[in-house]
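Engineer: Now for the letters of each chain:
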Amino acid sequence: MLMKDITISANRIKKELITLLFCFFIGFIANVGAIIYYKSAATEIITSIPYVLVFMFVIYAMWGLLRLIKWVVFSYVIKK
Amino acid sequence: MEAINRRQFIKEMGMIVGGVLLATSPWFSAFSDQKNTIGSIARIGVIGPGSRGQFLMSFMAKNPKVQIVALCDIYQPSIDAALKIAPTAKVYSDYRRLLENKEIDAVVIATPLDKHYQIAMDAFEAGKHVFCEKSIAYSLEETYDIYQKYLKSNRVFFVGQQRLFDPRYINAIEKVHSGEFGVISGIRTFWHRNNDWRRPVPSPNLDEHINWRLYKAHSKGIMTELACHQLQIGTWALRQIPDKVMGHGAITYWKEKREVYDNVSCIYTFDNGVKMNFDSVLSNKFYGLEEQILCSKGTIEPEKSKYFFEEIPPAPAFLQMINEVENAMFGSLPFAGTSWVPETANQNTGHYLLNKKPEGDGTSLMLEAFAEAVITQKQPPLIAEEGYYATQLSLLGHQAMEEERMLVFPDKFKLNYLNHKANQFTI
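First to last, the protein sequences are chains G and A.
Last residue of the first sequence: number 1242 in the working numbering, and the count goes up by one each step with no gaps.
Last residue of the second sequence: number 431 in the working numbering, and the count goes up by one each step with no gaps.
For reference, chain G alone in the conformation it holds in the complex (with noise of 0.2 Å):
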């Protein structure tokens, strides 16, 4: 069975990475609500980096399982 080479392009790259630097940025600036919110040492914008890191791909996972129903619901549902 041949398999089909995937090209992913330089624009998608640029995209997806994009994408992924936004939701660290809403990761960061929620962080940085927080501090403020709850009174925290400023110290947590640079420690609890690793959580606003699980943050960012959770959030990008959520943004590309929009994607993913968006495409489902265009390819199947409203091209038939």
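These are computed hints drawn from the structure, not numbers from a lab.
Incorrect hints may appear among the rest.
Stated by the list, open to error - Covered stretches of chain G, as calculated for chain A (at least 3 residues, CB under 8 Å):
hint: 1; segment: 1165-1176
hint: 2; segment: 1191-1205
What the hints assert, rightly or not - Calculated Cβ distances over 10 Å to all of chain G for the following chain A residues:
hint: 3; residue: S55
hint: 4; residue: L210
hint: 5; residue: M250
hint: 6; residue: F290
Said to hold, decoys possible - A few chain A positions that, by computed beta-carbon distances, are all more than 12 Å from chain G:
hint: 7; residue: G190
hint: 8; residue: V205
hint: 9; residue: E328
Think of the CB as a built atom: it goes at the ideal place given N, C-alpha and C, for glycine as much as any other residue.
Given chain G's structure and the hints, the job is docking chain A onto it.
Structural biologist: Using the frame of chain G, we list chain A on its own:
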């Protein structure tokens, strides 16, 4: 064996050299002449080299300042095993002959409890320095007499309270006395096991000889064998002697041929109302042993080598936020379990007392200190008095359980120590 480097020891324990340390542990002064005693030898006779005696000998045999010159026992297998540790030691079957030997500076008494009294009294009479395994003696009167004999003898007297030399405990008590943990509100001690203490015997007529801990004629069981170690932590930490004790003991599980309790609980009360509990159950070992020093600002568990502060920092703000959002979304669901993030605080996992894992439980250091004291003929502070009160408190606790009533520490057995004043009509 390497000489103990006090400076290094203190550094490792993260302690401050000062009056507090000197007051909390006898080890510091015991090793003060360590360099001057190089080349000197403490010649020691071991009376009762059974399992505990051999354990002590295993440390002494490694100390270049100790020579085990004599052994005394009436049980040949113990002598045979002890001779493997000290092959050149002279063997006696009567301790009085051993005490007549002028070459012996000191004796280590590791016999059954009921034999301690006469041997210790005779040893002081013979001018020997004495290391007596805990508990000191079988009764309050005997213990008092031994202590008075020691005072008059001008000899060194050590009691096998090895926690006084255990780096974990020294560090813990140092922390308590520094005030870092606030005031002591209570002390909980427990020592649980799941065995009957019975050892196999070659013939039934040797049972009482080998399993002496199980028989009332020779031992007070849990109190004199286990509690006396832990009760000493209470007096050391609080720098007070409790005034009252009540308790209850029973044989609940190991009923066959056993005369001493296998299930005890005692409450000791100090002047200020603070209480020290001791519990022991010999049919469940889940919680093992520990002394929990409960202070207003934290808890110390020296056996685990850990301490815990009451106030702990809250979870990072980001996690608190996630937690609140999660609670707002799912908190009302009746089947919801515990949150996947901490609620408002980090789990209190505590901190370790020492930077490195301590080697041993202080027994080795205690025996080295004894050898130093024998050579210099200087009695380190606390050890005789802490040993004395540990024994008296364990015996008093046992008496309270036997009589099923609350007992007050008798004036006639008080020493001039801590909050106690010696009875003026006694020596």
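Engineer: Which hint numbers doesn't this structure obey?
Structural biologist: 1 and 9
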